[in-house]
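Asker: Each chain, written out:
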Amino acid sequence: MSSINLSAFTENASRLGARIQETLSERTRDLALTRSVASSYFDVPEDKVKNVRKQLDSSSDREKLDGIKTLIALISKGRDVSEFFPDVVKNVASQNLEIRKLVYIYLLRYAESEPDLALLSINSFQKDLTDSNPLIRAMALRVLSGIKVPLIGNIVVLAIKKCAADVSPYVRKAAALAMIKCYNMDPSHLSSLIPILSGLLKDKSPLAIGSVALAFQAICPTRLDLLHQNYRRLCRMLVDADEWGQVDLLDLLARYARTMLPKPERIDDMDQDMKLLLECAEPSFMSRNPSVVLAVTRLFHYLAPPSERHKYVDPLLRLLPRSKEIERIVLSYLVVLSHDSPSLFAPLHARFYVRATNIYSTKRDKIRILLNLATAENYQPLTREFMAYADDSDDRFVSDAIHALGRCARLVPQSMPDCVIALMSCISKNSSDAALSASVVVLKSLIQSKLPSRNSVASSTISPSHGTLEVIAKLAGKIEQIKHPSARACVLWLVGQYASSDGIQSNGIPGIVEWAPDVLRRTVKTFSSEAPIVKLQVITLATKLHLLAGEHDILSRLIRYTFSLARYDLNYDVRDRARMLGSLLTGIFPTAVNGSSERSGDAIGTEGVGGVVLRREQVMLVLFEGKQGVVETESWSDEHNLLGSLETVLGRSMGLDSARRLPDWLEEGTEPSLRDNEDDEINVSPFTPAAVRSMTAPGHFSNMTPVVLTPRTASPLGPAANQPGKGGWEDLDAFYGSESAESGSDEDDDDSEGEEDSEVEPNDSERREGIGEDGGDLDDNGYHLQEVDPGQ
Amino acid sequence: MAIDGLIILEPSGRPIIQTNFRTTSPVYPLLHIDAFNDALAKSPNGQLDPVIYISGHQGPSACCHTECGDLKLLCPVSGDIDPLYVFAFLSTFVDVLSDYLGEVSTSSIREHFDVVYQLLEEMLDDGHPLTTERNALSDIVLPPSLLNKILSVTGVSGLSKASATPFSSPIPWRKAGVRYNNNEIYFDVVEDLRAIVNKSGTVLSSNAWGRIESNSRLSGTPDLVLSFLNPTVLQDCSFHSCVRLQRWIRDKSLSFVPPDGRFVLMEYRHGPSSSTTLDSTRQLTIPFALSPSITIQEHGGSFDLSVTSRISSKPIEQLVVELYLGEGATSANCLASGGASWGFDPKTLTLRWELSKITQGSTNTLRGTFTSSASPARPSRAFRITFDIPQHSFSGVKVDKLKVAGENFKVFKGVRGRSTGDIEWRW
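Taken in sequence, the protein lines are chains A and B. According to full-length UniProt numbering, the first sequence is numbered sequentially starting from 1. According to full-length UniProt numbering, the second sequence is numbered sequentially starting from 1.
Because the hints were derived from the structure by calculation, they are not lab data. Since the model is a prediction, treat every value here as computed from it, not as a measurement. Heads up, a few of these hints could be off.
[As the list claims (entries may be wrong)] Here are the simulated DSBU-like cross-link-like pairs (lysine-lysine), alpha carbons at most 35 angstroms apart as the crow flies:
id : chain 1 : residue 1 : chain 2 : residue 2
1  : A       : Lys-204   : B       : Lys-252
2  : A       : Lys-202   : A       : Lys-162
3  : B       : Lys-347   : A       : Lys-324
4  : B       : Lys-252   : A       : Lys-429
[To be verified] Calculated Cβ distances over 12 angstroms to all of chain B for the following chain A residues:
id : residue
5  : Asp-47
6  : Ile-194
7  : Gly-199
8  : Met-270
9  : His-339
10 : Arg-351
11 : Glu-385
12 : Glu-470
13 : Ala-473
14 : Glu-551
15 : Gln-618
16 : Leu-642
17 : Arg-660
18 : Asp-676
Every residue, glycine too, gets a C-beta built ideally from N, C-alpha and C.
Using the sequences plus the hints, can you model the full thing?
Answerer: See the structure below:
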């Protein structure tokens, strides 16, 4: 009997086993199939695309999922799959959350192009708004507001209204965001949205509040009066909001404070509400999110008294090593900040040294910052840095670095000698073309700005070791190595301008320095192949030399040759300049320049032609004093200097009046009593996340019991009568101080530390962990392991 | 202030993921993709400004972009938005992606594109960041796993549903109802030394940037207090949002309810304090010394480098010396001592010398020549040197103890140190 049973059992068992194996192998085949499919959604063959419709109609969730995934993959590839819209819409109420989410993604993409069909799905979303799952409620609202069909505007407003009163903060957050979409779709809903918004502003949840602030900025940025009653509470909620919410909330509060609060001049007589904002915002400097740090920086830079500005220096600099993108953006803001308050950053200049691997815009901004920070104390390391950068392999940056030397010399007069030595060394050593030509241009403008008139040549030098003339002589000697046209032109101009040998011993032609004619000789040789800008300067040099040296046999011939070359040049500017300069000289040297041109029949140059003829002194004035002003190569632009603005980063206008610009201060702030709110008096310490409080031991609820201070009646009698009110606030602050200290210690001490002191195991306090020290247990991964006993 | 959308490009420059765009014009994303690819092709050695200005016929816009593995992430923005906000979002998104997919690459994105779309849908609502906390996200978008795949294949769809009660946790960064058999928490103290050394070997600027990466596997809602023996070495700290800032301000200990799983608990700087930056003696010491000698000639040059370790207690691992040989560099020919490897990458024009391990007392040299079509050759003015030192800390920060409150179980904690460095050495 038992044996029969046993055999029957084994038979059954083996049959079952076979069955299981069969199913399993089937499933695994399926599995293998799906796995290969998963990665090949992107390479679906055409016939499979046709199959999608059938899949979407199928009763199996797996088929449907496969179908909708194929469609999403096609969207990804940039293909228009709107033809499947009717089939997809049918699945909008699918029980499978994953299918539903993918359907939503599809819907949002094509709803606008298929408004009629999209309307079919509205009912299902309205039903979802009452679902028990907050995720589904929020999703339904998000899709409903995302379908940009103006026809359903009123339905969306109703849905928003319903969700704004939802119990879940996540849904309320979605409601705030939906308001923006609704308003953008049809601004005429503003009047019905504002009451919902002002209701949401009272939201107690730190999760939703950031999006509410965002919606406020998007929908009714000018209705700051709605914030009066909520201002103080919003300030206190700041620290608990999520990081994106903090950014939006900070922007909103900064705008409110600029419009409604008096401008704080000094830290000790700040408006209490301003003080509250700054105190509540300050801990956010410790956020890991760079955009939060910047939002607080904006607040402190644009609103706080200048004495508070030092607080943002370290937090901002800490962002630099995060990533090259963040470094690039933060640096462009630091250019603005270091310009506005250089003394804050000057001791930290080494943090802005350029690395060879930085990207160009980072390098450029670092140089700008270093220049902003240059002082009489730190110019030496800075000029050494700029010198090092002149060897960079990026020509643009090399030129920036050399121009920086010039700027530094001008900004910090003491640095002039160092900078000139540095520039000269760039010229004498085997520098790149870029370094060489930039140095020449910079030296020229330095000489020009230091020596506005040629008369002072002999007496003035720009550096103790390098007389101006020595510098020019050296440049003149290098004329053949200097390839860049504008640099060559600079040298020629310098030679002409300072060629006068007044008061200097000269071995050459009297009246001019001895090396000047040679420069002319050398450049005339290559005249035909020079750039127009160089040719112009060659003629100018020739004219100046002629004027200074007077008639000199060889020189005159050289000059005449120059002019005849110029007269027949291909470039009309060169021809015109030659004529102009030639006629300038006619009064002094009737034949010198135009002698050879008599035969050419050039009417202007020939003798006997009427017109004004200038005397020698007048010509001197025209030629040498004509160029008085020195053009600043780089000047500070006031245009793009707003923190946190794309325009500042790009250095160009985005074509809009920036919404990021903060409003101007009012003459006087608004009445503080406007912001009095009785709900505010029941309060929690600003630094304890409310969520965490409720999670800690029950003992904490004692802290949560509302502390109702004696309600103050808002005084309508103006500022004088308001004084007691302010006094009241100071008391409240003191109260917060003590409360936060108390609650802080309560939190960890009340229920844990008291017992802990007695319960800590001896090894707990003695075994101290040192990283990389050889004591302690190392596990396989190199962790020092230690057992920690619970505190309770 | 909103992001217009997000595009992920594969290495070929074609988009694989594209979110819905706020603007109605279908040309808009295409314009940005083209402008980006164009700018990338034109940029010398791949260095591209992270924000590109784009003038379209609908008005100016900008393209913020970053890279992640072999992929490029593009965020077109129009209107005046803080680019820092965009990059902060992008880095959060990349963190979440790598949490979900492990390695983020073309193939992993292609395989799980539906998950990526779902994530984007939850993280970005009409250009505004929505849910970015990883603990909250994992409640609503299931991470891809083999188990989920098997479940979906076998048709047990009920099980693969995301948590039935999303957003039920009162703490936004921690999910509710976490249970572990073994309760453990690990702290990785990772420090990255960034320094610049000038031609004479003097350190010009140096800072160690530390971060404490944690991996929490604790049940329930534990309330932890982590204290340090020497908190004064930590400067310019920043914290995960779970840390109670007031407590840190008061007594320099970290009091927090940790998120579940991996997170960065805090970041800090260790280096010369603001007032002593100018004093070169207060700079951190570089754990090695490089003595370079380079001669530049008409079409190339020769070099002779040697590296020695300056720390006795631990070996320096994975020391990599890189030198960009400049536009037009064609080849290099070197001899490396002691089994170190070297290479020249013709694409980035960079010479790379890799030393897997150096200890004190040993001298490692690299001698060789390089050729260039440029005359004279213009190699970069500085070496870039990166390295690893396991079990080492520049700041010497020491964890004192960890106290647990709120839960009644034994907790194992593990603390591990690691150091890396990225030094610019000028020659």
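Asker: Hint by hint, say whether it matches the structure.
Answerer: Structure-based check of each hint:
1. A:Lys-204 to B:Lys-252: At roughly 30 angstroms apart (the allowed maximum being 35 angstroms), Lys-252 (chain B) and Lys-204 (chain A) satisfy the hint.
2. A:Lys-202 to A:Lys-162: 16 angstroms, holds
3. B:Lys-347 to A:Lys-324: 21 angstroms, holds
4. B:Lys-252 to A:Lys-429: With Cα atoms ~54 angstroms apart, Lys-252 (chain B) and Lys-429 (chain A) exceed 35 angstroms; violated.
5. Asp-47: 21 angstroms, holds
6. Ile-194: 20 angstroms, holds
7. Gly-199: 20 angstroms, holds
8. Met-270: Check passes; 21 angstroms lies beyond 12 angstroms.
9. His-339: Check passes; 19 angstroms lies beyond 12 angstroms.
10. Arg-351: Since the minimum Cβ distance to chain B is about 6 angstroms, Arg-351 (chain A) lies within 12 angstroms and the statement is violated.
11. Glu-385: It is violated; Glu-385 (chain A) is separated from chain B by about 8 angstroms at its closest Cβ, not greater than 12 angstroms.
12. Glu-470: 27 angstroms, holds
13. Ala-473: 26 angstroms, holds
14. Glu-551: Consistent with the label, Glu-551 (chain A) stays out of reach of chain B, its closest Cβ about 46 angstroms off (over 12 angstroms).
15. Gln-618: 49 angstroms, holds
16. Leu-642: Since the minimum Cβ distance to chain B is about 8 angstroms, Leu-642 (chain A) lies within 12 angstroms and the statement is violated.
17. Arg-660: The assertion about Arg-660 (chain A) is violated, with a minimum of 5 angstroms to chain B.
18. Asp-676: 26 angstroms, holds
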